[in-house]
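Could you put together the complete structure from these sequences and hints?
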Amino acid sequence: MTNFLQQVVSGLASGGIYGSLALALVLIHRSTGVLNFAQGEMATLSAFLCWTLVDHGWSFWPAFGATLVLSFAGGAALHTAVIRPIQGGPLLGIVILTIGLLIAINGLDTWIWGGAAKQFHGPFSTAPITVGGVAFSKQDIGVIVVSLVVVVLVGALFTRTKLGLGLRAAAANPLEARLAGVRVGVMLAVGWGLAAALGAVAGVMAAPSLFLDPNMMQTVLLYAFAASVLGGMDSPVGAVVGGLLLGVLLNLVGTYVHWVGGELRLATALAVILAVLLVRPAGLFGRISVTRA
Amino acid sequence: MPLLELRGLEARYGEIRALHGVTLSVDEGDFVAILGANGAGKTTTLRAISGTVRTSGEVLLDGSRLYRRTPEAMAKRGVAHVPEGRGTFASLSVLDNLRLGGWTRSASGRDLAHVFEEFPRLYERREQQAGTLSGGEQQMLALGRAMMARPRLLLLDEPSLGLAPLVVREIFESLKRMNEHGTTIVVVEQNATLALGAARHAYVLETGRVVIGGAASDLQQNESVRRSYLGY
Chain D
37 MTNFLQQVVS GLASGGIYGS LALALVLIHR STGVLNFAQG EMATLSAFLC WTLVDHGWSF
97 WPAFGATLVL SFAGGAALHT AVIRPIQGGP LLGIVILTIG LLIAINGLDT WIWGGAAKQF
157 HGPFSTAPIT VGGVAFSKQD IGVIVVSLVV VVLVGALFTR TKLGLGLRAA AANPLEARLA
217 GVRVGVMLAV GWGLAAALGA VAGVMAAPSL FLDPNMMQTV LLYAFAASVL GGMDSPVGAV
277 VGGLLLGVLL NLVGTYVHWV GGELRLATAL AVILAVLLVR PAGLFGRISV TRA
Chain E
251 MPLLELRGLE ARYGEIRALH GVTLSVDEGD FVAILGANGA GKTTTLRAIS GTVRTSGEVL
311 LDGSRLYRRT PEAMAKRGVA HVPEGRGTFA SLSVLDNLRL GGWTRSASGR DLAHVFEEFP
371 RLYERREQQA GTLSGGEQQM LALGRAMMAR PRLLLLDEPS LGLAPLVVRE IFESLKRMNE
431 HGTTIVVVEQ NATLALGAAR HAYVLETGRV VIGGAASDLQ QNESVRRSYL GY
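Line order of the protein sequences matches chains D and E. Each position in the first sequence, counted from 1, maps to that position plus 36 in my numbering. Each position in the second sequence, counted from 1, maps to that position plus 250 in my numbering.
There may be inaccurate statements among the hints.
[To be verified] Restraint ranges, calculated between C-beta atoms of paired labels, are given here: (1) 334(E) - 197(D): 29 to 35 Å; (2) 102(D) - 334(E): 47 to 53 Å; (3) 129(D) - 470(E): 29 to 35 Å; (4) 307(E) - 198(D): 33 to 39 Å; (5) 197(D) - 262(E): 39 to 45 Å; (6) 120(D) - 334(E): 41 to 47 Å; (7) 360(E) - 97(D): 39 to 45 Å; (8) 97(D) - 431(E): 50 to 56 Å; (9) 307(E) - 144(D): 46 to 52 Å; (10) 262(E) - 88(D): 49 to 55 Å; (11) 304(E) - 258(D): 42 to 48 Å.
Keep in mind that the hints were calculated from the coordinates and are not lab data. Even for Gly, the Cβ is constructed at its ideal location relative to N, Cα and C.
Right, here's the structure in full:
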């Protein structure tokens, strides 16, 4: 039982990271239909930025705040400079471009920071604490809390603010939104900025336990894909719940199904994608938009 | 000085020319109908005004020529365009649709109350996804959204399309009220009897050109309009 609880807690912690990155993927997918393969590398770049600031003597939280702002600006700039000029062209072309970005950012990281793994000291201690026989670290709890706070904030932004209304309108029907006076190009850039900032949260939260190197987020991105398919490609809530569920599921399968172990962890995630697509293609929270003809 | 003037407006979709020099003017406070057969260029004319299709020729608002017309800039200038097929955000709630109508001017609760007074059905369905509304309700929502913008110029494309006669009458009553309250209206309609009954002025388009223009009552008496569009 103790082992079970322990696996659940650490599963939630890694799931929080998958969920944050999945949320970033979903935000871009539902506004532009693009699956952004560079999302993981963008997150790694953000984590490197944060590491550099801390390395220069900043304390963690100001460095984290600055990283979020820089990531937002970088994401918005990336959309304006690279994605927007080819928007309206074939979707596959844009997706392939994001794969190009993945390679480019990965190369940039290696070029600037080198390929060796760096230790990233996060704000939460990784030393284990034991409560009722269950050992977990402050890092685990911190990651879970941060991802939940982020979801609530993003949810409030989308449903309670005028900017959120514009973001949803631009995603739902760009031409109509323009006729209503919404500047869709600006909204999409803001969407990319938000996604980059969310990725930064995922990257910075992941770095203390994964060690920071240019390839850090590559498997995390695959888990985030699985999480967003599980939750529903167009559902922000689904992305986070999907991430948490996936984290727990992978931990439990890894613990109790002995032949899976650590080696088949990624394969298990891919099996989840396959199963969801077969049984419930819209995902747990995805809703097929109802339209009366 | 007219509120809106089009001079020699031309537009094309790829190789196909849709407008061959449309010239017309709309006075402030007017209610103008644009009639014509399918493919005559009625919809394209509205799109040209709201900047959703590229054109050559001149568009003047308040006498000054507008060079770069984008839909969002035109919305800001007080031009609301309700396209054919209702133009609502199907996946958003009725309330969110209405709020978007007020995007350019931060509409208040009073505006919302005014729309609900005009269309009580929308109030009952305010939390529903717009896509689940009936055709008539969606047209009301599209109109309500336009009201939220308090436009100076309202462009409507085929508001009667596919709706029951009773609903059509209700929609046109609302249009007349909006017009009486100062909104200038340009409506494109297949149903010429209906449009000429509501409008003060009308233009007839044929193959991308204005062929007849004048007071709606004169057009109702015009021999060729009667034969071609009114059917008697």
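We went through each hint and held it up to the structure:
1. 334(E) - 197(D): 29 to 35 Å: holds, 31 Å
2. 102(D) - 334(E): 47 to 53 Å: holds, 49 Å
3. 129(D) - 470(E): 29 to 35 Å: violated, 54 Å
4. 307(E) - 198(D): 33 to 39 Å: holds, 36 Å
5. 197(D) - 262(E): 39 to 45 Å: holds, 41 Å
6. 120(D) - 334(E): 41 to 47 Å: Cβ of residue 120(D) to Cβ of residue 334(E): about 28 Å, so the range 41 to 47 Å is violated.
7. 360(E) - 97(D): 39 to 45 Å: At roughly 43 Å between Cβ atoms, residue 97(D) and residue 360(E) fall inside 39 to 45 Å, so the hint holds.
8. 97(D) - 431(E): 50 to 56 Å: holds, 54 Å
9. 307(E) - 144(D): 46 to 52 Å: With Cβ atoms ~48 Å apart, the hint holds.
10. 262(E) - 88(D): 49 to 55 Å: holds, 53 Å
11. 304(E) - 258(D): 42 to 48 Å: With Cβ atoms ~43 Å apart, the hint holds.
The structure does not agree with the numbered hints 3, 6 stated previously, though it agrees with the rest.
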